[in-house]
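K.L.:
Protein sequences, first through last, are from chains A and B. With our numbering applied, the first sequence corresponds to residues 68 to 325, in that order. With our numbering applied, the second sequence corresponds to residues 68 to 325, in that order.
Since the hints were made in silico from the structure, they are not lab data. If you're wondering where the values come from, they're calculated on a predicted model, not measured in any experiment. We put the beta carbon where it would ideally sit given N, CA and C, even for glycine. Hints are not guaranteed to be accurate.
What the hints assert, rightly or not - Derived list of chain B stretches under chain A, where covered just means 3 residues or more per stretch with a C-beta under 8 Å from a C-beta of chain A:
(1) 239-246
(2) 274-283
(3) 292-299
(4) 305-312
2 protein chains.
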Amino acid sequence: MLCPASCLPLLRELAQWRCLLGWHRHNGVGSASTTVLKANTGRRQQQHQKPKRGSEVKDRTSRPVGCTKPLSGRQFSSSGCLLSLHHSEKPDHEDACVFRPYSCPCPGATCKWHGSLEAVMPHLTHAHKSITTLQGEDIVFLATDIDLPGAVDWVMMQSCFSHHFMLVLEKQEKYEGHQQFFAAVLLIGTRKQADSFAYRLELNGNRRRLTWEATPRSVHDGVAAAIVNSDCLVFDAAVAHLFADNGNLGINVTISAC
Amino acid sequence: MLCPASCLPLLRELAQWRCLLGWHRHNGVGSASTTVLKANTGRRQQQHQKPKRGSEVKDRTSRPVGCTKPLSGRQFSSSGCLLSLHHSEKPDHEDACVFRPYSCPCPGATCKWHGSLEAVMPHLTHAHKSITTLQGEDIVFLATDIDLPGAVDWVMMQSCFSHHFMLVLEKQEKYEGHQQFFAAVLLIGTRKQADSFAYRLELNGNRRRLTWEATPRSVHDGVAAAIVNSDCLVFDAAVAHLFADNGNLGINVTISAC
Numbered sequence: 068m069l070c071p072a073s074c075l076p077l078l079r080e081l082a083q084w085r086c087l088l089g090w091h092r093h094n095g096v097g098s099a100s101t102t103v104l105k106a107n108t109g110r111r112q113q114q115h116q117k118p119k120r121g122s123e124v125k126d127r128t129s130r131p132v133g134c135t136k137p138l139s140g141r142q143f144s145s146s147g148c149l150l151s152l153h154h155s156e157k158p159d160h161e162d163a164c165v166f167r168p169y170s171c172p173c174p175g176a177t178c179k180w181h182g183s184l185e186a187v188m189p190h191l192t193h194a195h196k197s198i199t200t201l202q203g204e205d206i207v208f209l210a211t212d213i214d215l216p217g218a219v220d221w222v223m224m225q226s227c228f229s230h231h232f233m234l235v236l237e238k239q240e241k242y243e244g245h246q247q248f249f250a251a252v253l254l255i256g257t258r259k260q261a262d263s264f265a266y267r268l269e270l271n272g273n274r275r276r277l278t279w280e281a282t283p284r285s286v287h288d289g290v291a292a293a294i295v296n297s298d299c300l301v302f303d304a305a306v307a308h309l310f311a312d313n314g315n316l317g318i319n320v321t322i323s324a325c
Numbered sequence: 068m069l070c071p072a073s074c075l076p077l078l079r080e081l082a083q084w085r086c087l088l089g090w091h092r093h094n095g096v097g098s099a100s101t102t103v104l105k106a107n108t109g110r111r112q113q114q115h116q117k118p119k120r121g122s123e124v125k126d127r128t129s130r131p132v133g134c135t136k137p138l139s140g141r142q143f144s145s146s147g148c149l150l151s152l153h154h155s156e157k158p159d160h161e162d163a164c165v166f167r168p169y170s171c172p173c174p175g176a177t178c179k180w181h182g183s184l185e186a187v188m189p190h191l192t193h194a195h196k197s198i199t200t201l202q203g204e205d206i207v208f209l210a211t212d213i214d215l216p217g218a219v220d221w222v223m224m225q226s227c228f229s230h231h232f233m234l235v236l237e238k239q240e241k242y243e244g245h246q247q248f249f250a251a252v253l254l255i256g257t258r259k260q261a262d263s264f265a266y267r268l269e270l271n272g273n274r275r276r277l278t279w280e281a282t283p284r285s286v287h288d289g290v291a292a293a294i295v296n297s298d299c300l301v302f303d304a305a306v307a308h309l310f311a312d313n314g315n316l317g318i319n320v321t322i323s324a325c
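This is chain A alone, in the form it adopts within the complex (with noise of 0.2 Å):
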């Protein structure tokens, strides 16, 4: 299948969203019901920009400081949070808040939608179209071309449980000469929906096997705290060519519920 006209604008301020392609599950791998997909591959502008410790703070010191009081009221209101909080409370509530504009949770932070809970899935429909979405529990993430210089994301969604999951690998290169990788999964929904499902990411080699399992992240929080944290399946290059065909690194995922 390949990527529709329509998403060419998005292609455009990604740079380079790759197209998908439905391919059936090879025999071997897995059980016979899992479905194996290439995922889109988002190389990201910033992919000549080797990321460097501590930018992120030397820049915020480098703009002028603001000095400002906090605000009492209903921060979300317009979404339709009908608390009234002492500004004490309020950055606890923020947090939490379900009526809290959700950003779109695509790795790379070049869309800058937000919107409702609700609204996320319609938007990345829309808006994320090479973004292909596979039914069942248990699925195959397959991520091609994972030489690909520079940073790179691969994103595919899963849909099982009545649930929709955001499944990301991110390449990154936090540390010169040392290219890393970052998988895991974000439920579109609450942390408190998140904190009622499971996860396993799974690599499969030649007798050999390395497996992450974990709750889901919410959309809520995204990816790119797990990712910082490394509270994710987080491996190298060498290690992803021990599992690696041919370029193509195929992650197994299933989804439980607790």
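Use these hints to put chain B onto chain A, whose structure you have.
P.N.:
Just chain B now, with coordinates in the frame of chain A:
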């Protein structure tokens, strides 16, 4: 159990081999039949010398190069090898020959001992008394003080299936500012014997689990090659802290026969 006086020469040699404490596994960690032990810590002498990429190659090129021709004959005839091979066949055979002297499998390359396969365990028992052995297919390898700076090794033995396995956890800083842990299992046996086993290393945390399953390395090959190629359980300091408890990291180790 304090480190016996007889291992003081080893303590001096390895700078900071640490004492061992036997400790019954606490409730809530894995199965009741699993035994737990604090592993000994070997901080290597080169802990303050950060490894630099390519330094080994540079060292080699700066040294005088003597041109020597390959000789035919029995390289390990004194050890019992009866084969007489053409020089073109020698490299492959020497690599696989069961009569090739085995090096001491302790990581860090500070022990220069070589001997037959049968002599490896007696050597470990006599020269490396601080390394303790646990019996059973399913044990917990508890590495204490994982925050110790520099290059550090934790080593213990596991005995099951009438074989001895060496469990190694090594902390390195291959990339400046990026501490990584490498965990692997070695069989005190030949490659062929190693192929008939599998091992699983498992980190368990709060709704998180990281698992590596593979074939043990033979003591013939050592642990260094596995670490260089990331062909083992690899995780960074952030992941270690997700699973550590007060600076101590428990790794569930399970050996199985194929």
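K.L.:
Taking the hints in turn, state whether each one holds.
P.N.:
Cross-check of the supplied hints:
1. 239-246: Contact hint for the region 239-246 of chain B vs chain A: holds, 5 residues under 8 Å.
2. 274-283: Holds: 9 residues of the region 274-283 of chain B have a Cβ under 8 Å from chain A.
3. 292-299: This one holds; 3 residues, not fewer than the three required, reach chain A with a Cβ under 8 Å.
4. 305-312: holds (count 3)
When each numbered hint is compared with the structure, no violation occurs for any of them.
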